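Residue numbers (this note's numbering), protein chains in the order written: chain A, 116 to 811; chain B, 417 to 963.
The hints are simulated quantities; they were obtained by calculation from the structure and are not laboratory data. The structure displayed is predicted, hence computed values, not measured ones. Here a beta-carbon is modelled for each residue, glycine too, at the ideal position from N, C-alpha and C. Warning: the hint list may mix true and false statements.
What the hints assert, rightly or not - Chain A stretches covered by chain B per the calculated footprint, using a threshold of three residues with CB under 8 angstroms from any CB of chain B:
#1 202-211
#2 222-228
#3 257-267
#4 520-530
#5 709-721
Unchecked claim - Below, computed lysine-lysine pairings styled on DSS-like, alpha-carbon distance capped at 25 angstroms:
#6 LYS520/A / LYS149/A
#7 LYS438/A / LYS812/B
#8 LYS812/B / LYS636/B
#9 LYS466/A / LYS535/A
#10 LYS758/A / LYS424/B
#11 LYS842/B / LYS667/B
#12 LYS594/A / LYS424/B
#13 LYS768/A / LYS149/A
#14 LYS812/B / LYS535/A
#15 LYS200/A / LYS149/A
#16 LYS270/A / LYS296/A
#17 LYS230/A / LYS438/A
#18 LYS842/B / LYS230/A
#19 LYS149/A / LYS270/A
#20 LYS812/B / LYS230/A
#21 LYS296/A / LYS621/A
#22 LYS200/A / LYS230/A
#23 LYS758/A / LYS535/A
#24 LYS535/A / LYS842/B
#25 LYS488/A / LYS520/A
#26 LYS149/A / LYS438/A
#27 LYS636/B / LYS466/A
#28 LYS438/A / LYS566/A
#29 LYS466/A / LYS621/A
#30 LYS466/A / LYS956/B
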Amino acid sequence: MSTKQDLRLAVDIGGTFTDVVLMNDAGLVLSSAKTPTTHVNPSDGAIHGVQRVLEDSGSAIDQIRIFIHGTTLATNALIERRGAKVACVTTEGFRDILEIAYERRYDQYDVMIDKPDLLVPRARCFTVPERMSWQGEVLSRLDTSAIDGLLSQIKQSDATAVAICLLHSYANDEHEVQLRKLLQQHLPDIPISLSSDVSPEAREFDRLCTTIANAYIQPLMAGYLDSLAQQLSLAGLNCPILMITASGGMTTLDTAARLPIRLVESGPAGGAVLAAHIAEQCSADSVLSFDMGGTTAKLCLIDQYRPQQARHFEIARAARFIKGSGMPVRIPVLEMIEIGAGGGSIASVDKLGRLQVGPQSAGSEPGPAAYGKGGTNATVTDADMAMGYLDTERFAEGLLRLDAKANTTALTEEVGAPLKLDAAQAAIGISDIVNENMANAARMHAVESGKDLGDRLMIAFGGNGPLHATRMARGAGVKRILIPPNPGVGSAVGFLYASVSFEIVKSYYTLLEAIELPMLNRFLDSLVDEATNIVSNAAINEPLLNRRVAFMRYQGQGHEIEIELPGRVLTETDIEEVRQRFEAEYRRQYSRPVPGMRIEILNWGISVSTKANRRTANNEQLGVSAAADNVMRLITCDRTGDKVSAQVYERAKLPARQMIDGPALIVEPQTTTLVSSDFTAEIDSQLNILMTRRQG
Amino acid sequence: MNNLDQTKLQVLWNRLLAVVEEQGQALIRAAFSPIVRECGDISAGIFDRHGRMLAQAVTGTPGHINTMAEAVLTLRERIQPQNMKPGNIYVTNDPWIASGHLNDFLLLMPVFHRDVLIGFTSCTSHLVDLGGLGMGPEGSDIYDEGLLIPPCTLVEAGEMNALLMDIVRANSREPVANEGDIYALTACCERGAMRLVEMMDEFDLNELDTLSDYIVNKSKRGCEMAIAEVPNGSYQSSLMVEGYELDVELKATLTVSDHDMLLDFDGTDPCSQKGINVPLNYATAYSVFALRCIVGSDIPNNAGSLAPFRVVAPQGCILNAQAPAPVAMRHTIGQLTPDLVYGCLHQALPDRVPAEGASCMYDLPLRNTPETAQSNGHQFAIELVFNGGTGARPSKDGLSVTAFPSGVWGSQVETTESAAPVLIKKRELRMDSGGAGRYRGGLGQRIELQPSGDDDVLLFLSVERIRFAARGREGGMAGAAGHVSIGVDGEPLPSKGLFRIPANETLIFETPGGGGMGNPQERDPALVASDIRDGLVSEKNAKLDYC
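Next up, chain A with everything else stripped away, as it sits in the complex (with noise of 0.2 angstroms):
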């Protein structure tokens, strides 16, 4: 192996692992590691795996030419309440915009529901005397006089960050800024977070919580980038360090440190990137991405190789992971469902008689009753063994032998015993409901997208993806499926495959009819300019992409359709063009445009990124040619309950072209295919392996 070529490495800290891929400039992965997450320190654990792949691969810290992050540590930050201490500043007259809220309930039946903390106190919430109106004029000028009063009350409060939000900064941030060169003279130490930079949207309340977070976390992240960037550096690392954003992009370690709220989810985007990739490499235009782990799935449409985009994140959620019981975030992010269904997940029996799965998980200690470390609760994990689904010897990577007494009991007594069912009937009974979960799950989001499922191409990864992944389609409706390469660590390998890049959403209102052309295309280009200067400085000298949007409605409705302008400045012509794109689009949504409404525009979107990097991995190489081992294992039928026999097969050894009939499994060190009896599955010349479901 050449040690003179240049190589990329991706570094993702999540939970419990840091996952770390190298490849080279050919798009082959060299190397990858999962090390435990050093919490304490969590760039230790990072250093560790990267000086892992580099060994393996007889590779130099040098030949790095790009060093690529992601990080749940902003996350984790919020969800554990580990940050700053925060202040928050609003226009006078206006101190309870967060207990205030939406004045609403998430949940309807439950009178006993607790608010969501949204960290800051009401004696840390403070006012200043100004006021804009809606078009950003100045109605009454920020009181200078006020300051002094304010400065004591931000003193004595202990507060460690301040986030400001003034009434309509996101039409005019001029008092905004002015007051954070106020405080900030006699404050030299508090990093204050403005609205109007953080989140530049009209609504108060979701703008308030952005700039709060993003303030919350901002001296944790601020100081942990700084000692990564410091070790790195010291253990010879000379190329720039790029992070990961919620919106799957990759951003500079000043801006990363500036708003740090946009690193938050970054792990899950790595993987909705990686789907994107694979699905533009094999020419699929309509992706479902499915990534199931040992808590959580993930779900994310992918259109023509761009994954949903989203404005609007809900950190923390309670429990149930019920809309509206979280805090709201507004930043680009990746649109992405998150159920809490996965391998841990508990299966219950309520008072009814009838059986739930999850959304409590058994996590990783002790884990489901199969892991026989002392757990009692039967889990999804714990049906997929009792169906014959997981080889018990080499459960991952064969580090833990799996309890098939344990296994039994709790199906027994935690499922089958209330239901009057014996253990392989809990099992299917709990795959049944667990995937339908997921499955309507995906339809309602695919609903709240204004999508279908129907012809998507489901590309499945993360531990439990692969094995969930036919039971979960035949419920979605969804015929076709591809595992890729290295399901197990697919968040870190989409991480290679990311862009530099930087969106902006901003509020400008207009009726489409009223548009002022030179006005706007002003502001466009503001937008655009601003975020050019952000991705220069992570790509000198590369050809950069923009893209424009509008999130456009009928006047009087209240939820917007994206719909993409052209990539430069707009003409009257342009004009027409934008009206019969949001009409075609709102037929396809909802049957038949509404004839005679006016349209209105609130807000619109910028990105300016670089071209992805699309080098291709020839994975062929890596295929043995040889002929699957003849191993048969007694399965349940996942359709029927009966018992079958299955083929297994090593995924190492199959070659391309490889043709394999349902029912079968498909081994490999981190998780396992489970090829259902109505489905047939192929080994595509990536060595993906591609599986449809049989007509009738």
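Given the coordinates of chain A, work out where chain B should sit on it, guided by the hints.
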């Protein structure tokens, strides 16, 4: 039916629940009426061929619970299954069939599978305007309130009934939005029907009856078990409300037997002359919702889970208004029925029921004046939604500024100001408005709003609890009453009527606080201290109430 079938049946049940949510989402996303798209004032359901409700979307407000289950039975009876054809959809907005006032349209679509009628999908939502005097209490009978459409065919073999759409358009101030909302309802029914047929094919089913028996029986048994845990007895309560021209007393007797509950509004005062009367279907919806929050709340709504709860009332009382009584603002009093019901249920389950809350929405419908329209000024109509505090819970404080029992969302200041010529000068919690108690009632809020232009603005007020504050329980104190005035020193306005906000004046709009629970002296001093620190309770009031 063997045991294994049970889990399959449950999978099918879960599927139906997902389909109704899908229907609900489709409806909300395509809706024009603000109260629908921002506040989810909708319902969507799936029914078997007998008209038994199998699943209902939890999205939306409780105003349609039970109402829809009954409405579909009525409509099915009127149209008759043998007259129904594939691709047809039927409609009505008759308040006594659909949902209590003319604005609520109910659609019913028969679902055919392999040429056999197997069930129905249905949905309801609120249309912006149907002519008449519109959304306000000023009507003297139903004819004043706008257009009533008796049960008829809206869609025939996939084609819209053009004449009916013309009539709806011709009778509305918002013809285009109405049409858009009817399209949204149609899409919702069609979506549900399509998904139901897909499910039948996927699982190779020929009929729904087995599934429907399973759902209905299981749910009924579940609710009966939950009712069995409530001590038998007859529990009475009463509630004073402000009405329009006279104070009104609401009365209820809740009779709990081994397996069912009967709620009787006997003794309740007669109807008002104005449009605040409540048809029984709407009063039932909110009453049963209140009971279901406490009794068997984890069992989904369907014909089985609703069967053990019965509501009756003497004809002509304000909670059982008969045609042609005016009913446009039936929600103002209708949303207070949970407090009435909890007054009864609390006697049976003292540790499970919250204190009284603000309960009725403090909505703020604003419109331009006729002169503004004549002089080509800024014409607008907006219905802002604000809420007060909920009652303290048995082991927790009430929620400040939170909708209950309705499920509406409040308005955001920034979007409000961009949508209508108003400037909101203040929106903050009202200190000391939560009723004192071992657990404190939720706080109300104070809103200060003024016209942002040079024109006056009209206010169509219909609220409650201006004079009758939310009462506490078990020694807890009442929450603060609501207060509405024009100008800081203006006379308090009555709870209902049409008022004018002069261009240079400020509307003061204070929502009520919730009642407290338990003796205030028993409140944890640490909680009293943190309430003072957070500015929710003043030191003065803390001394008065908690020491």
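The hints, checked one at a time:
| no. | hint | result |
| --- | --- | --- |
| 1 | 202-211 | holds (count 4) |
| 2 | 222-228 | holds (count 6) |
| 3 | 257-267 | violated (count 0) |
| 4 | 520-530 | violated (count 0) |
| 5 | 709-721 | holds (count 4) |
| 6 | LYS520/A / LYS149/A | violated (30 angstroms) |
| 7 | LYS438/A / LYS812/B | holds (22 angstroms) |
| 8 | LYS812/B / LYS636/B | violated (30 angstroms) |
| 9 | LYS466/A / LYS535/A | holds (14 angstroms) |
| 10 | LYS758/A / LYS424/B | holds (18 angstroms) |
| 11 | LYS842/B / LYS667/B | violated (38 angstroms) |
| 12 | LYS594/A / LYS424/B | holds (21 angstroms) |
| 13 | LYS768/A / LYS149/A | holds (23 angstroms) |
| 14 | LYS812/B / LYS535/A | violated (39 angstroms) |
| 15 | LYS200/A / LYS149/A | violated (34 angstroms) |
| 16 | LYS270/A / LYS296/A | holds (16 angstroms) |
| 17 | LYS230/A / LYS438/A | holds (12 angstroms) |
| 18 | LYS842/B / LYS230/A | holds (23 angstroms) |
| 19 | LYS149/A / LYS270/A | violated (44 angstroms) |
| 20 | LYS812/B / LYS230/A | holds (12 angstroms) |
| 21 | LYS296/A / LYS621/A | holds (23 angstroms) |
| 22 | LYS200/A / LYS230/A | holds (20 angstroms) |
| 23 | LYS758/A / LYS535/A | holds (20 angstroms) |
| 24 | LYS535/A / LYS842/B | violated (61 angstroms) |
| 25 | LYS488/A / LYS520/A | holds (12 angstroms) |
| 26 | LYS149/A / LYS438/A | violated (33 angstroms) |
| 27 | LYS636/B / LYS466/A | holds (13 angstroms) |
| 28 | LYS438/A / LYS566/A | holds (20 angstroms) |
| 29 | LYS466/A / LYS621/A | violated (49 angstroms) |
| 30 | LYS466/A / LYS956/B | violated (49 angstroms) |
Of the numbered hints given earlier, the model fails hints 3, 4, 6, 8, 11, 14, 15, 19, 24, 26, 29 and 30; all others are met.
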